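Protein chains in written order, with the numbering used here: chain E, 1 to 322; chain C, 1 to 322.
Since the hints were made in silico from the structure, they are not lab data. This structure is a prediction, so every number in the text was calculated from the model and none was measured. Please note that a few of the clues may not be correct.
Just so you have them, the derived chain C footprint on chain E, three or more residues with Cβ under 8 Å [what the hints assert, rightly or not]:
(1) 142-154
(2) 171-181
(3) 255-265
Simulated DEER-style distance windows between Cβ atoms [stated by the list, open to error]:
(4) Arg133(E) to Lys39(C): 48 to 58 Å
(5) Glu103(C) to Glu321(E): 33 to 43 Å
(6) Gly36(E) to Ser182(C): 56 to 66 Å
Note that the Cβ used here is the ideal one computed from N, Cα and C, for glycine as well.
Number of protein chains: 2
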Amino acid sequence: MSLIDLSKQVALGVDIGGTNTKYGLVNHRGEILEKGNLKTDEYPKVEDFIEALYNKVMPLILKHCGHRHFDGIGIGAPNANYYRGTIEQAPNLHWKGVVPFAEMMTKKFEVPCKMTNDANAAALGEMMFGAARGMKDFIMITLGTGVGSGIIANGQLIYGHDGFAGELGHTIVKPGGRKHWSTGSEGSLEAYASATGIAITAKKMRVEFPDSMLNDYPEEAVNSKVVYECAKKGDPISIEVFRYTGQKLGEAFANFVMFSSPQAILLFGGVIKAGDFILKPTKLHMERNLLPIFRNKVKLVFSELDEADAAILGASALVWEH
Amino acid sequence: MSLIDLSKQVALGVDIGGTNTKYGLVNHRGEILEKGNLKTDEYPKVEDFIEALYNKVMPLILKHCGHRHFDGIGIGAPNANYYRGTIEQAPNLHWKGVVPFAEMMTKKFEVPCKMTNDANAAALGEMMFGAARGMKDFIMITLGTGVGSGIIANGQLIYGHDGFAGELGHTIVKPGGRKHWSTGSEGSLEAYASATGIAITAKKMRVEFPDSMLNDYPEEAVNSKVVYECAKKGDPISIEVFRYTGQKLGEAFANFVMFSSPQAILLFGGVIKAGDFILKPTKLHMERNLLPIFRNKVKLVFSELDEADAAILGASALVWEH
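Isolated chain E (complex conformation) (with noise of 0.2 Å):
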């Protein structure tokens, strides 16, 4: 075998979302030579997905690299299972069932494809190429319109039994609190923490006080960014709002970090623009319900990785993944 010129090896990495797919062509520095797009709900029938996303990528592949460098593809995915390759029952896609995903892709490519969720894949991104390089145990969350969750320990992904570790936005911080909107399940980190629970908080206590700047606004139109604003004009209701997230965000990584005593949590999505609105709670929540052996060891930091672009690059690291 000759020697491989590193450099010239390139990954796809592929985000699939409810209604648009991202894809990225990256080398092992983590530059995105070539990036675009693709309508994931335009294609009801799978195999037509794959046949469109492999005639808009492999002259890009060919140009930059052609096959022989080509090392793989990586996807993250919603309900995507690492080890059988497969999307399962993913709610917001029209392919249902077990689809094998990665299988397919493989036999449309001829190279090696892995999967696993978005979070999962940031969190790789993360530590491949963002603010956790070097780190062997972090946690990644990320705080979007649902709370998701990569945990690095070792080194590794844990990906547990079966393949769906990590869904800490599904564990409970209050037990039989706020009914989950979709799952059904009282008092989960999701239902409090992602920006859909937020916005639920702030037309909670809006209604509880007449006076905050938060009634300015017609019902449909309190989200997280409203708040933030708000918050930003010194509403104190909005800044309440996000001191009780962060105290529901702290309680849980205090519950996190007794579990797999990471280095740091790493935090990423919309919610995080609030800063420290949101950040000195969820700090302060944690320290207190901490073991003193734990204190004032837990990093919380923002992702380094530019949004856009964290998910191509959190999936093409599966790709080189040890």
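Position chain C against the provided structure of chain E, taking the given hints into account.
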């Protein structure tokens, strides 16, 4: 290097408790060739303890295998740190501060020495010699005076970045709940699910229900064993004590499962003698709080190791851990 006859190799397993230290010579098949005891609290100076242990153990090693086949020492101890080989600020030991125990043992015995806390050691023991043989992802929970835990993921113990991972007994299951007698935290699992916690629950409930059999005992005699005796005789309040305890355990287990997706949760320790009184509500509330993808997958299993030997076997397993 000549071939080594593995069947001849032995490890020394040592389980250090506040009052007693147990030790045993263990071979590769998990057979304890010799075992013995030492009173920990008779040695206020750690040097004297090591000297006494050496004088007891060395003749046994020479008798069984000679130093050439002595692979090393594994130690389970309270507040032991795996990475540093230290015992740190252990409240129940005479040896104060940070004790470089592994280094001192290696100097004395002239073999490698590894240490971790007792629950981690028990998890390793189960993986190598007990009910978790062949499992790569499981969680060990010890329900005794306190609640300990050891987490195995990808076939490895999770130590975390600082060696203190796996303090699941101190995770909060009820924010703002029962104050822990020693840590001061509010609503930790240990405050409810340890033998100590069960006694507290029983003492509260028997005041509320004067008819309960639990009132036949003097205050200081009410412990988890008495609650079990009364439950067996059909006392509904005692049965309720275990149901309540099981609910808290089950809620906590659901969160653990969504973290690392284990194949099984192994239970060990005096409290599990309550059998179905605690197991059934635990299972019910675990399943109820899980996302559907995790349901009916995780086994709750009782330890297969003899309680008297488990700690020694677990500690010895550290020597052969990869």
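Quick rundown of the hints versus the structure:
1. As drawn, the segment 142-154 of chain E meets chain C at 3 residues by the rule of a beta-carbon pair under 8 Å; at three or more, the given contact holds.
2. Only when three residues or more bring their CB closer than 8 Å to a CB of chain C does the claim for the segment 171-181 of chain E stand; here the count is 5, and the claim holds.
3. Closer than 8 Å: that is the beta-carbon criterion, and the segment 255-265 of chain E has 8 residues meeting it against chain C, so the requirement of 3 holds.
4. Range check, Arg133(E) to Lys39(C): about 49 Å between beta-carbon atoms, so the 48 to 58 Å window is met.
5. At about 35 Å, the beta-carbon gap between Glu103(C) and Glu321(E) stays in the expected band of 33 to 43 Å.
6. Roughly 58 Å separates the CB atoms of Gly36(E) and Ser182(C), a value that falls within the hinted 56 to 66 Å.
Of the numbered hints stated above, none is contradicted by the structure.
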